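Enquirer: Chains as they are written, first to last, in the working numbering: chain A, 5 to 270; chain B, 5 to 270; chain C, 5 to 270.
Source of the hints: derived by calculation from the structure; they are not laboratory data. Bear in mind the structure is a predicted one, so any value in this text is a computation, not a measurement. Watch out, some of these pointers could steer you wrong.
When chains are identical, the list treats them as one kind, so a pair holds in a single copy or across two.
[Stated by the list, open to error] Derived lysine-lysine pairs resembling PhoX-like cross-links, with alpha carbons at most 20 Å apart:
#1 Lys260 to Lys177
#2 Lys199 to Lys260
#3 Lys230 to Lys115
#4 Lys230 to Lys177
#5 Lys35 to Lys199
#6 Lys35 to Lys93
#7 Lys230 to Lys199
#8 Lys254 to Lys93
#9 Lys230 to Lys62
#10 Lys35 to Lys62
#11 Lys93 to Lys177
#12 Lys93 to Lys178
#13 Lys93 to Lys213
#14 Lys93 to Lys260
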Amino acid sequence: MKRRGQGIVTLITDFGPLGEYVGAMKGAILKVNPRCQVVDVTHQTEPQDVLQASFILKNTYPYYPAGTIHVVVVDPGVGSSRRPIILEKEEHIFVGPDNGVFTFVLSGKGKTEGYEITRREFFLAPLSDTFHGRDLFAPVAGYLSLGMEPDQFGPPAGDFLQAQLPRPQVRGKKLVGRILFSDSFGNLITNISRKEYGWLVEGRSMQIKGKGWRIDRLHRTYSQGKPGQPMALFGSAGLLELSINRGNAKRTLGLKPGDLLTVSLL
Amino acid sequence: MKRRGQGIVTLITDFGPLGEYVGAMKGAILKVNPRCQVVDVTHQTEPQDVLQASFILKNTYPYYPAGTIHVVVVDPGVGSSRRPIILEKEEHIFVGPDNGVFTFVLSGKGKTEGYEITRREFFLAPLSDTFHGRDLFAPVAGYLSLGMEPDQFGPPAGDFLQAQLPRPQVRGKKLVGRILFSDSFGNLITNISRKEYGWLVEGRSMQIKGKGWRIDRLHRTYSQGKPGQPMALFGSAGLLELSINRGNAKRTLGLKPGDLLTVSLL
Amino acid sequence: MKRRGQGIVTLITDFGPLGEYVGAMKGAILKVNPRCQVVDVTHQTEPQDVLQASFILKNTYPYYPAGTIHVVVVDPGVGSSRRPIILEKEEHIFVGPDNGVFTFVLSGKGKTEGYEITRREFFLAPLSDTFHGRDLFAPVAGYLSLGMEPDQFGPPAGDFLQAQLPRPQVRGKKLVGRILFSDSFGNLITNISRKEYGWLVEGRSMQIKGKGWRIDRLHRTYSQGKPGQPMALFGSAGLLELSINRGNAKRTLGLKPGDLLTVSLL
C-alpha cells in the first residue's frame, strides 16, 4: 500500500460532546504520531448502537483517501472477551471492537483481511478495563498511521460479528420497511434501498400514509417539496427517507427510529 | 496570491452533530488534498438559516490566515437551480451556494470577485441531488486548497443573492432593534451595532425594560454585572447583547431570536 | 525543550456548539501558525465551571505528546483583573486565565513554572473586553506552538488560584462522597478515588443504596453489570462511578452532579 502513512485517522464514537473521552483518545493517537491528522466524523451515535455506527462508517469511509485509518469505538463490551480487531479492505484500514461496528465493511463487495490485536506492547500501560478507545485502539491507530502493517499487531482472524440488519419485507402489494435513523434536520431514513424500491414499486402508483398525511410520489430534491408537507425521496446514502422541506419530519409526523413504514402499491 | 495552498479549509454547516454528513464531506475534501487541515467552525447553525450562517462567517473569516478556503453549506435549495459559487475577497476564498450565506462578504467593504462553479469534472460522480456539500463543494474546496484558482471552476458571475438583514429602527426617542441570535451561554445578541447605538444614545440616559427588569446603563464586561441581574454590553462581534453574569439571559428573561428590543432615551 | 514546536494546540472551552466563538478562536491560532494542528477536546464544559474544566484537562493532557500547548478558556472573569497566564510542567504548556482551570496541573506532583501574560504586542488589537479566548489566548498559543518560550510573554508569576475540590468524608463507618459529573452515557462520576476507597473499604463488605436499588460489590467493566441494574466501578479516570450496563444511570437513578453518595461498611 504505497499511500499508507499519509496519516489521516477518522473517529466514530458514542462518547458524546461532554467530558474527556474524545480528547484523551485523540491525545493517545497524537502521542504516537504527532503529525497525523485526527478527523472527527461523529461522537454522537446513539449510545451503544453498533448498527448505527456501522452505517455511518459505510457512508463515510469510501469518501476518504486510500490509506486512511478509520477508528470506530462504540464498545459496550469493553473489558469483556470481545476481540479488538483490524480490518483491511480497498486500501482502507479499520480499527475497533469485533461487535458488529464493521458489519457493512464485511458484508459489502470486495475482500477483507482481518487481524486480532493481541500484542500488548502497543497498548498504554496499565490497560484500563473501561476505556480501550484511549488505551488500545488509539495507540494502534497511531502506529498504523505511521505506516505499520496490520499483521504486526496480532494474528490473522476471521468470523467477525455482523449486526442483524432489518430488511424490508414484501407483503402482498406492500413493501414494509423500517425507520433506521433520523438526522439533525429531522429527516427519517428507512432501510429501503433504491434497488429494493425499484424491484417492487418503480413505474407503478404508490402511496405512503400516516395520520393526516399521504405521499403518492417521490421527489428528487428537498426543495421540490411543498413547505410544511411530508415528502419522500432517496437521500444521499441511497435510502428512502421521509422529509419536510423547511420543516422537521420527525417532529411533525411523530415517527421515530424503529417505527414501520409501508409503501403500498395501488 | 502567494499564500494560497497552505491548505486550511473551514466548515460552517447546519448538518448537526448526528450522522454521516460532516464526516463524508470532510472525506471528500481530504481525498483531493490529504495534506490540508479541515477546521470545524460550527455544524449547528439553525437548520436552513442562511442569515445566521452569514453572520458566523462574517465573525470568523477575518481571523484566519490569507489563503484560507471557507466552505459554507447551509443549502435548503440543494439540487434546485441555485448556483454553486466561489467568491474571492481580501485573499480569502469562499465556497458555497448562492443563497445568501455570503451576505456579509458581499456587503462589507472591499472588492469581491465571483465565479459560478460549472465544471463538472471536479464533482463526485454521480452528483447526488441532495448532498452537494459532499459531492460538489467539498472536492472544489480540496482543489482550491491545492492552489487552483477560482476561475478554473467556471465563468465569472455576479448579482449574488444577499439575505435581508433586519435593521434597527429609530422611532421618536426609541431605538428598536431585534434579537438575532442566542449563544450557548444564553446571551441574546441584537442587530444594534456600536455605531448605530452611538449615533442615538451615546452620552444620554437610556433604559431597556422587560417584565420585572430594567437596565439603565451599559457594562463593559460580563463580570461587571451583578450575578443574576440582566445587563447589556457590546459583545465580541460589536453588537449590543443582553446577558446575565453567571446566568442565562435567554432562559431567565424569556426572550428569543426574533423578539424586539427597545432602547428608550429618557 | 527539544520537541517544542511540533505544533499541537488543544482546546477546552465552555463556548458550546453554537455560533462563532470556537471558529474565531481557531482562526486566531492558525493565523499565527497555519501549520499547527488545532485539536478540539471539548467545547461543552458546563458554562463557567472551572472545576470541571480542570478535571477534563487533568484527564487529557498527560495523553498528549510533550510540547503540546493546552488552551483552556472557561473564563467568566474575562475583562476583569484576573491574570492571563502560561504554565509549564512536564514539557506541557498550559495557557488560560488564572481562575482555577489549572487546579490539577498545580496540585499534582512535579514542578510547575508560571508566567503572567503581559506583553500586549502579541494580542489582537483592539483587545476586546469580552473575548480573550480569541484576542489574547489564541495568538499566544499560536506563538508558543511556533517554539517561542513562555517567558517571552511576561514575567514569572506564582500564587495561582486553585478551585476548591470537594473531598470525600469519612463519618463513622461511612465514606461520603459527592457526584462531580455525568458523562454522555449517563454515568455518574464521584470524587472518590481508588486510593481513598482502598483505605477504608477494600476487602470489607460494603453497600451503596438509593431509592429502590442497592449495590453491594464493585464491578471491573460496564459489561459485567446486569442490563438495567445499577452498578459501581472505577472508571477510566480512577474515580468511583455509578453506571447501568446498556442504560443511563443519571436518568434511571434520578441523581445528578452535586448529590451525595454514601458507601457504607457493613
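Enquirer: Taking the hints in turn, state whether each one holds.
Expert: We went through each hint and held it up to the structure:
no., hint, result
1, Lys260 to Lys177, "neither (24 Å within a copy, 49 Å between copies)"
2, Lys199 to Lys260, "neither (23 Å within a copy, 45 Å between copies)"
3, Lys230 to Lys115, "neither (44 Å within a copy, 38 Å between copies)"
4, Lys230 to Lys177, "neither (28 Å within a copy, 43 Å between copies)"
5, Lys35 to Lys199, "neither (45 Å within a copy, 28 Å between copies)"
6, Lys35 to Lys93, "between (26 Å within a copy, 17 Å between copies)"
7, Lys230 to Lys199, "neither (26 Å within a copy, 41 Å between copies)"
8, Lys254 to Lys93, "neither (35 Å within a copy, 40 Å between copies)"
9, Lys230 to Lys62, "neither (31 Å within a copy, 31 Å between copies)"
10, Lys35 to Lys62, "between (28 Å within a copy, 16 Å between copies)"
11, Lys93 to Lys177, "neither (39 Å within a copy, 57 Å between copies)"
12, Lys93 to Lys178, "neither (37 Å within a copy, 55 Å between copies)"
13, Lys93 to Lys213, "neither (41 Å within a copy, 50 Å between copies)"
14, Lys93 to Lys260, "neither (33 Å within a copy, 44 Å between copies)"
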